[in-house]
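One-letter residues, chain by chain:
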Amino acid sequence: MPELMYREALNQALAEEMERDANVFLIGEEVGRYNGAFKVSQGLLDRFGSARIIDAPISELGFAGLGVGAAMVGLRPIVEMMTWNFAILAMDQIVNNAAKLRHMSGGQLRCPIVFRGPGGAGGRLSSQHSQALEANYAHFPGLKVIAPATPADAKGMLKSAIRDDNPVIMFEGERLYAIKGEVPEGEHVVPIGKADVKREGKDVSIITWSRMYYFAEQAAQQLEQEGISAEILDLRTLRPLDEEAILATVRKTNRAVIVEEGWSLAGVGASVVDIIQSKAFDELDAPVQRVTGLDVNMSYATNLENATQPDAAKIIAAVKKVLYREGA
Amino acid sequence: MASKYSKDLLLTMHRKMYLIRRFEERTDQAYKQQKIAGFCHLYIGQEAVAVGTNEALRPDDYMLSGYRDHGQPLARGSDAGMVMAELFGRGTGYSKGKGGSMHIFDIEHHFYGGYGIVGGQIPLAAGMAFASRYRNEDRVTVCFFGDAAANQGAFHETFNMAVKWKLPVIYICENNRYGMGTAIGRVSAEPEIYKRASAYKMRGEAVDGMDCLKMYEAVKDAVEYCRAGKGPVLMEANTYRFRGHSVVDPAVYRSKDEVEHERKNDPIPKLKEYAIKNKLATEAEFDAIDEEIKAQVDAAVKFADESPEPSLEELWRDTIVEPGEEDVRPRERVLGTKVKWPSYPSGQELKVTWDLEPRQQAEREDKKAGLAR
Numbered sequence: 001m002p003e004l005m006y007r008e009a010l011n012q013a014l015a016e017e018m019e020r021d022a023n024v025f026l027i028g029e030e031v032g033r034y035n036g037a038f039k040v041s042q043g044l045l046d047r048f049g050s051a052r053i054i055d056a057p058i059s060e061l062g063f064a065g066l067g068v069g070a071a072m073v074g075l076r077p078i079v080e081m082m083t084w085n086f087a088i089l090a091m092d093q094i095v096n097n098a099a100k101l102r103h104m105s106g107g108q109l110r111c112p113i114v115f116r117g118p119g120g121a122g123g124r125l126s127s128q129h130s131q132a133l134e135a136n137y138a139h140f141p142g143l144k145v146i147a148p149a150t151p152a153d154a155k156g157m158l159k160s161a162i163r164d165d166n167p168v169i170m171f172e173g174e175r176l177y178a179i180k181g182e183v184p185e186g187e188h189v190v191p192i193g194k195a196d197v198k199r200e201g202k203d204v205s206i207i208t209w210s211r212m213y214y215f216a217e218q219a220a221q222q223l224e225q226e227g228i229s230a231e232i233l234d235l236r237t238l239r240p241l242d243e244e245a246i247l248a249t250v251r252k253t254n255r256a257v258i259v260e261e262g263w264s265l266a267g268v269g270a271s272v273v274d275i276i277q278s279k280a281f282d283e284l285d286a287p288v289q290r291v292t293g294l295d296v297n298m299s300y301a302t303n304l305e306n307a308t309q310p311d312a313a314k315i316i317a318a319v320k321k322v323l324y325r326e327g328a
Numbered sequence: 001m002a003s004k005y006s007k008d009l010l011l012t013m014h015r016k017m018y019l020i021r022r023f024e025e026r027t028d029q030a031y032k033q034q035k036i037a038g039f040c041h042l043y044i045g046q047e048a049v050a051v052g053t054n055e056a057l058r059p060d061d062y063m064l065s066g067y068r069d070h071g072q073p074l075a076r077g078s079d080a081g082m083v084m085a086e087l088f089g090r091g092t093g094y095s096k097g098k099g100g101s102m103h104i105f106d107i108e109h110h111f112y113g114g115y116g117i118v119g120g121q122i123p124l125a126a127g128m129a130f131a132s133r134y135r136n137e138d139r140v141t142v143c144f145f146g147d148a149a150a151n152q153g154a155f156h157e158t159f160n161m162a163v164k165w166k167l168p169v170i171y172i173c174e175n176n177r178y179g180m181g182t183a184i185g186r187v188s189a190e191p192e193i194y195k196r197a198s199a200y201k202m203r204g205e206a207v208d209g210m211d212c213l214k215m216y217e218a219v220k221d222a223v224e225y226c227r228a229g230k231g232p233v234l235m236e237a238n239t240y241r242f243r244g245h246s247v248v249d250p251a252v253y254r255s256k257d258e259v260e261h262e263r264k265n266d267p268i269p270k271l272k273e274y275a276i277k278n279k280l281a282t283e284a285e286f287d288a289i290d291e292e293i294k295a296q297v298d299a300a301v302k303f304a305d306e307s308p309e310p311s312l313e314e315l316w317r318d319t320i321v322e323p324g325e326e327d328v329r330p331r332e333r334v335l336g337t338k339v340k341w342p343s344y345p346s347g348q349e350l351k352v353t354w355d356l357e358p359r360q361q362a363e364r365e366d367k368k369a370g371l372a373r
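If you read the sequences in order, they're chains A and B. Everything in the first sequence is counted per full-length UniProt numbering, starting at 1 for the first residue and increasing by one. Everything in the second sequence is counted per full-length UniProt numbering, starting at 1 for the first residue and increasing by one.
The hints are all genuine.
Simulated crosslink set (EDC-like; lysine to aspartate or glutamate; CA at most 20 Å straight-line):
hint: 1; chain 1: A; residue 1: K194; chain 2: B; residue 2: E322
hint: 2; chain 1: B; residue 1: K164; chain 2: A; residue 2: E29
hint: 3; chain 1: B; residue 1: K367; chain 2: A; residue 2: D55
hint: 4; chain 1: B; residue 1: K351; chain 2: A; residue 2: D46
hint: 5; chain 1: A; residue 1: K321; chain 2: A; residue 2: E217
hint: 6; chain 1: B; residue 1: K351; chain 2: B; residue 2: D138
hint: 7; chain 1: B; residue 1: K164; chain 2: B; residue 2: E205
hint: 8; chain 1: B; residue 1: K35; chain 2: B; residue 2: D298
hint: 9; chain 1: B; residue 1: K35; chain 2: B; residue 2: D249
hint: 10; chain 1: A; residue 1: K159; chain 2: B; residue 2: E322
hint: 11; chain 1: A; residue 1: K321; chain 2: A; residue 2: E224
hint: 12; chain 1: B; residue 1: K166; chain 2: A; residue 2: E29
hint: 13; chain 1: B; residue 1: K351; chain 2: A; residue 2: E19
hint: 14; chain 1: B; residue 1: K164; chain 2: A; residue 2: E30
If you are wondering where the hints come from, they were derived from the structure by calculation, not from laboratory data.
Please build the complete structure, drawing on both the sequences and the hints.
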């Protein structure tokens, strides 16, 4: 299997789906001649032309809405947000239009559109550019929300998103684009709504998604040396949540730690805890712990920035807490 | 001098304007009887805008609007009973009672909805026009919005793109002078909305929105311009709502004199007088149409009133499209009528020939501007 960078895997997915379906087009800031702010759309303008790879003005609300309108009459737009921080300007079009069109029209319309771009902290970018905003979108009925961690999942899930007849919100990771991983060739489609056990274990379940998966993996490797076997469930899709997979891993290990880059209050992890406590209460040997970003805005200074985010050490501490091995 | 308009056109315009008027009067009544609830914005006084526009369009042109949206679908040919049923919150409404007054959708008649967020439909219209260009269709999109929407960012962001990409879309600002209770001049640096088009090198013009024939002429001309690929148009239809912002608004922010003055400008008698003066139709013919419409609207109210509420299972439908699920065709679902539904080429059939930014031209312009490539 070839090894690709996350951004290359996304690029392949875009190219393959645009080749497969002429209704698919990409619009966003710098996606064309600049080849993408993060080089996800590298080479696509030359290959597909200026009507299908469209350099948009800096008007997030405007071009998000233009995409929704095109989707209403059967095109399949991919709207790239340079980062999800900027998409806050487009939230009216995503939430009030894309997510509600089918409902408001009583089933007459559908909105097959993908909004995608990097989420989460970039690195030394301070508060306006370092937000993990997936919980905001996971809140809305009418949307699907995905946040793949690996290049293989990024490719397979983007392909699923483009083929989906609903609006799909895709969180990539500014710090994931250069990560490498094996990506199957050819028709590689990963379904939306299915979590993935990325590491088998028996003592504790670490439930996470996107970039936090890598911290979970680091933590699991260190825990293994201490004789603790951690299972990692990568949710991959945040709406709809894969309840079955969440309950299955908790039933197996009886302990859970949820790792989320975003803030704690009203986070996606809070909903995961709710699923566990309401449907697997008797399976638990300890209260579920959450590791989240601290309840403050992101700072520029390295030490403050690091301290704000989850990391392997914080995950290990939480695992030890659910195993009642604190201080061990 | 003989009129250049046919009898058929004038009577059709009258029929539709009177249908909207009568429909809205009954809507007002039903609201006060608590059969209709929520926000409900009447179109009384503005009929010439929707009807004059619609008669200048092809049935397959796209149309969408804000939340003052009962008039346009009726002009397009939507079933009055099913629109009323939607207002009544009944399962037989166009959106199964899920949308209500502010969200009428009739895709069969290419009416793509009423939107409740001021100006939110403006970018959508550009997207629909974009799709028409992308597929090399000569379809035009018409987007209505109120005067207050002209102060939204969506208005400016969209016009910039629509002009740059020459999208076939006509934006019709229904300037009824008040955004809810605020006179447009109080909050607008440039209250003559059409003038704002010049900032985007866009064609902009003002029209007497109280005159159905003037609307018709203006839109006909704009449609021709759009179909020829020359780009978007901003049209300001100067109109007036005879009622408050919504059914429950007593409209104390404007004087009785102003309203009385504007009522003299009523588009319905104006068209009728024109037709009679030009001997295109008789008073008796108008009376006969009016009687027909009254009966039609009575039947619409009765249909709505006797219709059941949506079933509770409907709660779980129409939020997410399940794989293989078909779109709902309202008249087929409710009345059993076989309807023609829009269809588009598949992604394998479609050949995109549009070059949005032709390479050679771009290279020439880059060179002139001293840009590196």
